[in-house]
Amino acid sequence: MLIPCPHCGTRPVEEFTFLGDAAPTRPTTNDPSSMEAWYEYVYLRNNPRGPIEEYAHHSGGCRSWLVVSRNTETHEVFGAVTARDFSKAKEAKA
Amino acid sequence: MTERTFNRVSPLQDVALQGRFGADKGAVGVSFTVRHPMSIVTVIARAGQGAATAAALKGHDAQWAGSDQWFVLAENRGEGALYRELKAKLGGLASVSDQSHGRVIIRLVGPRARAVLAKGTPVDLHPDAFPVGKSALTQMAHVGVHLTRVGADSYDVSVFRGFSESFWEWITEQAEEFGYQVI
Amino acid sequence: MTSYRLDKGGLIDRSTALRFTFDGALHVGHQGDTLASALLANGVTLMGRSFKYHRPRSVITAGAAEPNALVELREGGRKEANTRATMVELYDGLVSKSQNNWPSLDFDVGAITSLASSVFVAGFYYKTFMWPKSFWEKIYEPIIRRAAGLGTASKLPDPDKYEKSYAHCDVLVIGSGPTGLMAALAAARSGKRVILADEGSALGGSLLNEQEEIGGQSGLDFARGVIAELSSMPNVTLLPRTTIIGWFDGNIFGAVERVSDHLRVPDPYEPRQRYWKIHARRAVLAAGAEERPVAFGGNDMPGVMTATAMRTYANRYAAAAGRSVVVFGGNDSIYRTARVLKSHGIHVEAIVDSRKESKADAAGIPVLRGALVADAVGGKAVKSVHLADGTHINCEAVAMSGGWSPIVNLACHRGKKPVWDANLLAFLPPDNGPAFTVAGSAAGKMLLSECLADGAAKGAVDGKAIEIPKSRDEAFAISPLWWVKESHDKAFIDYQNDSTAKDLPLAAREGYSDVELAKRYTTTGMATDQGKLGNINAIAILAEATGRTMDEVGTTTFRPFYTPVSFGAFTGPFTGHHFQPVRKTPLHDWAEEQGAVFVETGLWMRSSWFPREGEDWLASASREVLATRGAVGICDVSTLGKIDVQGKDAGQFLDKLYCNTFSTLAVGKARYGLMLREDGIVYDDGTTSRLAEDHYVMTTTTANAAKVMAQMEFAHQALFPDLDVTYVSVTEQWAQMAVAGPKARPTLQKLMDGLVMTDESVPYMAALEVSIMGGIPARLFRLSFSGEHAYELAVPADYGSMVARAVMQAGDEFGITPYGVEALSIMRIEKGHVAGGELNGTTTAGDLGMGKMVSTKKDFIGRMMAQREGLIDPNRQQVVGIRPVDPADRIRSGAHILKQDDTPSMANDQGYITGVAWSPMLDMWVGLALLANGRARHGEIVQAWDGLRGHRLMAEICDPMHFDKENKRLHA
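Chains as they are written, first to last, in our numbering: chain E, 1 to 94; chain P, 95 to 277; chain L, 278 to 1249.
It is worth saying that the hints were derived from the structure and are not from the lab. A few of these clues could be false.
[What the hints assert, rightly or not] With a straight-line Cα cutoff of 30 Å, these simulated DSBU-like cross-link-like pairs (lysine-lysine) come out: (1) L:K984 with L:K925; (2) E:K93 with L:K1135; (3) L:K925 with P:K181; (4) L:K984 with L:K933; (5) L:K1135 with E:K90; (6) L:K1134 with E:K88; (7) P:K181 with L:K946.
[To be verified] Selected chain E positions facing chain P (in silico; Cβ < 10 Å): (8) P6; (9) C8; (10) G9; (11) S59; (12) R63; (13) S64; (14) T82; (15) R84.
Every residue gets a Cβ at the ideal spot worked out from N, C-alpha and C, and that includes glycine.
Sequences and hints are given; from them, build the entire structure.
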C-alpha cells in the first residue's frame, strides 16, 4: 500500500505507524459531567467496512502525523493530509 | 568569538578503514567517504515562520529535513560555532539545535551508488524524481536516514551516531558486488 | 530406457559436458539443459514418488507448474528441498536427489499404500484418525508426518547471501514471450522506464520452446532481435530468472531474482537470490497460459506429459519423451504437437482426438476421431494405452492436452475473481483497471498474431503504436475434455496431492460442494504448486457433479506467492549479526576499555557491569555500589532519551504532556515529571530541565524514548496544533554520564572552567550550561537516581570517551569506579525509585505513590480518565518495599504475595514482586512490589509465593525506600 505523504511524496506503508480512526475529537473540558464524552473519545471507535480516515505517523520518514483516507474493503487510498490541517479543518467546522 | 576546535573522534574511526574492497570488476562502483568532523544544526521554524526561516537560510548549505525543518551543514567550523551563529541569526524565527555530534554523514560517489541505496530505500532515486539538491527522510536497513543527492552520481546519507557502525557494515556489504573503495 | 536425446536441434550447447548426479548416479548434460531435460535425455524418467500413494512419477510439464518432479538439490547448508527439476538450470557438479521414497526411488515400500488405496480416499485422514482422541498427538500424527511430506530441510546454516532491493518503473512487463516482448518494446520505445521480468533462465518465453514464424524469421530470431534492442536502451531493465510472486496494494510487485541458483557456488560478492519490491505505475501481465492435463487412468505415469511440455523438450532441449508417442486431446493443438514430434523424427502412433472433427493438419499421421484414451498402461513407464472403445495402442509416451488456462494468478492477488469464458473454456482475468492489464494468452488470446497485437497495444504509452510483425497462426478450436470416466486406473486431478477425479464427486456427496470446502476436503489445489495444473479440471468435475456451471462453482482464492519462495529471499541480509541494527553509545569505547560487559537494551548496547578478575556479575555490581556509595562512581546514561523542546509555548506544551506543571519551572532548574496516557495510566517518567525561557530539555526512559517522541508529535500536531513549540531528538548529540557519590563534586570540580561548584552555585535539581576542560560546551545537572549526591554531565558525543577518561582521572584519588546498569538497578531498588517493573502499563500515579504530583489545576493528557473510580480505588495495588523476614532468605522477582495464612489461589492473590536486588548496603535481598492497598500495610508479614520456582517464604512489607530514608546522602 502506498501513502501519499504531503511532505515526502508517495511512500510504502512500511514507513508508517497507524493509530486508527481519526474521527473522535478530544473533549475541550475537564468538567466531571463530560466523563461520557471522554470515555467515548478514549475507547469507542467505529470499524467501518468502506471509507475511513485514520491517523498515521510517518515514523520512518518525516515524522509527521497524517490523516489518511482509505477504503478498508478495497484498500484504495484516497489521499492524506497532515493531522494539523485535519484538526484545524475539524475545528473550523465545529 | 573565536572558534575553538577540539579533537573529535568519529564513531567510524576504527571501522571505516581506507582501501579497496569487494568484487574487482575494474573501476570501483562506489566510493565511500565519512564526512567528519561536520557541523550539523537542526533548524525548525516556529509557528508561521516557515517561509521567513527558509529565506533566512539562503547562503547556507541547508538541506530539507521535514516540514519547515532543515539540516544546516558546514565544514571546518569550530565547536558549536555554526549553532551559535544560527541561534543568533534565527532568534524568534526558528528553533536551533546542535546535532553535529549526533549524526554521521556518509558520502557515496560512483556509478553504482544509486543501486546500493536502492537496496535500502523505497524512495525512487531516478534523477527525474530525485534531482540534485533534493533530500528525503526514509529508512534503510531498519535505520532512519536523511538522504540527499549532492551530484549526478553522489549522495549523502546521514544517520544517528549510535547506528553508524551497524549501518556502515550494512551499506558497504551492499556495495561488495560492485567493488568499492573507502577514501 | 524410453526417453532419449535427439541427434540434433535444441538450444543446448553440445560442446559442453556438464556432469551431475541424481540419486548418486552420474549423468552428463549440456549447457542450456534443465535438470529435467538432462534426466530425460539420459533416459531417466522416474524422478519421484507421489505424496500419498507413492506412485512412480516423472515430469508432467517443462515449466513452473511442475507438480511431480520435485527434487532435493545440493548438499549441506545449501540443500534445498521440493525444487522443480523443470526450473533448475543444469550446472557442472549439480547434486540432486529424489524425495518421498524409502529405501529407494525404484523400490519404494511406501508404494504399498497404493495397494490399499481404496481406503485412502478423500477425507481418509479426517475419518480414520478421529478416535481415540489421545492417539492423535502421540501416535497418528507422527506416523503420518513420517510417511507424508516431501523433501527434508537442512539444519545447517545457509552459507549464501540474500539481498533485497527496490525498483521503480513506469511499465512493468511480466513475461517475455511474444506478448511480453511486444509490450515491453512498445513501452520502451516511448522512452518510459520499463522493467521486463521473466521466470525463465533466458528471455523469450514460449518463443524459446516452439517453432514459430514472425516477421519472416523464426520466432527465436525475432525474440533475439527484440531483446537486443531492449537491452541497448538505458530506460529498460531486463530481469531474467525473476519470478513475479505477488501483486500487492499500491501496484507493488514482489519478485525473486535467482541470481546465482544456476551456479555451483555463488560468487563470494553476489547473493544467491535477490528479493525485489517493484513499484510500478502500470503493469502488463503477459504470463501466458498453462496447458491442462486430461484426467484419464494412469495420467501420472512416467511418459505421460502435457503436449506443450513434450514439444518443449523436443524443440528446446532436444530431448524426446519416448520413441513412439500417442497424442491425445480435445483441441487443435494436438495436431501441431504431432507434427512437431514428427519433425524431430519421433514416431507418432496416433492422434487421439476426442472430437468428431477438426480441420487441423495431421501431416499424414493416423487420427482416431471421437476417441478417448482411458488408461495408460505400464508401471514405471508407459508401454501402451487403452482407448475407451477397447482399442490398444503400443507407445512409450503420451502427450495430452485438455485446453489452456490463462495464468491469471497475479491478476487475482488483490481479491478479484476470474471470469469463465465458455467458448475458450478458460477463466479469463478480471478487469483491474488501467494500472494492471493482462495481455496475450493470459487474457485468452489464443493465436500468435493476436498475442503480438495485444502485447503491442497494452504496452503502448499514450496510444503510440508500434508496427506489428506478420506471423503464422496455428489453428485453434476446442471442445470440453476433462475426465475420461471409462478409465480403470486412477485419473489424477492434482498430482502433487494425489487427489483423483473420483474424489471430487465424493466431496460433493459428503456436503463439501463449495469449491473452497472441496479444496480442503480433497486437498486439491494445495501444496507447492497450488493447483496450477489441476484446479480448472477439478472445478469442471465439481460443476458436473453438482449440476452447476463453471461460473457458479468459481475458483478458489488466488493468493501470493505465485511459486514457492525461499525464506532466505524474504530475510535478505537481515540475519545473524545483521538481524537488527546495533546502537552504541558515545561512551562505548571508554566502557570497553574499563572491561564492561554489555547488555542489549532494545537496540542499545549498555554497559551492564565492570567485572574484575574472578568476579561474577553480582560480585562486580555489589562492589560498584559500595564504591559509589563509599566515594564516587561513574555510569553511562547516554541512552536516556533527550528531546529539545523550544518555542514560546514550550512550557504550556509540557504542561499538557506531564501530569505535573513545567511552565512554572525556573530557568536553570530540573524537575521530575510523570507522563500519563490518555486513559490515565502512567506512560513514562524522567527529568526535564529549563535551559532558557523558551528552551527545555526533556529526558525520557531509554525504553520509551521513541514512543514519547511520537506521543509529543501526536499531541502537538493532532491535539494542540495552535501551540508554538518545536521538539527534536538530541539523544545522540550528547554523551551523558552520571557521576555519583560523596566525592562526586570534588571529582567534577576539576573539569570545570571557572565554575566553583557549591550547593549555591549548583543546587539540588540544578540544570546548567557550563564549559569544561578548556572550552568544551557541557550541560551539568544535579540529579540523582542512586540517592547519592550526584550529577549528570552531558558533553557533545564525539568528546564522550575523552571526557569520561578525564573524569576517571579526576576521581582517581578517590578511587572512582565505573558502574553499570546492574549497580544502577540495585541502587534504585535500595532507594525505592520506580522503573520498568513498576511503570508497566497498568499503574497509576497513585499506585506509584506519586498521586500528589497530579495537577488538578490544568488540562493534561490523562487527566480526566485518571479520576475514574477504578483508578483511584484505595485497594489498587500500590508500590511497597518488601524484604525477607529471615535476612538469609532470597526473595524473587515475580513471586506472588499472599496473606500470611492463605493458600495460593487467584482469589487470594494480593500482588507480586516487581523487582529485587541484593543490597550490599543492607546485606540482604530487598525488593519492590505491587500490593493491594500496600501503603497501609507497611510492617505486615506476608508470604512471597513463587509457584514457578516452587519457593515460598515469609516477607515483610515496608516503605519502598530501603536505604537512607531521610535522603541525607542526596544533599550531603
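Status of the hints after comparison with the structure:
Among the hinted pairs, L:K984 with L:K925 is consistent with the structure: their alpha-carbon atoms are about 24 Å apart, no more than 30 Å. This hinted pair checks out: E:K93 and L:K1135 have alpha carbons roughly 26 Å apart, not beyond 30 Å. A threshold of 30 Å between alpha carbons decides the hint, and for L:K925 with P:K181 the separation of about 15 Å falls inside it, so the pair holds. Our distance criterion of 30 Å between C-alpha atoms is met by L:K984 and L:K933, whose separation comes to about 16 Å.
Only pairs whose Cα atoms come within 30 Å are accepted, and L:K1135 paired with E:K90 is accepted, the gap being roughly 24 Å. Restraint check for L:K1134 and E:K88: satisfied, since their Cα atoms lie roughly 26 Å apart, inside the 30 Å limit. A distance of roughly 22 Å separates the Cα atoms of P:K181 and L:K946; the hinted pair therefore holds under the 30 Å criterion. With a least beta-carbon distance of about 8 Å to chain P, the hint placing E:P6 at the interface is held under the 10 Å criterion.
At its closest, the beta carbon of E:C8 sits 6 Å from a beta carbon of chain P; the interface hint therefore holds under the 10 Å criterion. For E:G9, the shortest C-beta to C-beta distance to chain P is roughly 8 Å, which falls under 10 Å, so the interface hint holds. Interface hint at E:S59: satisfied, since its Cβ lies 9 Å from the closest Cβ of chain P, which is below the 10 Å cut-off. The closest approach between the C-beta of E:R63 and any C-beta of chain P is roughly 6 Å, which is under the 10 Å cut-off, so the hint is satisfied.
With its C-beta approaching chain P no nearer than about 6 Å, E:S64 sits inside the 10 Å limit, and its interface hint holds. With 10 Å as the threshold, the beta carbon of E:T82 comes within range of chain P, its nearest partner Cβ sitting at about 7 Å, so the hint holds. Hint on E:R84 holds. Least Cβ distance to chain P is approximately 9 Å, under the 10 Å limit.
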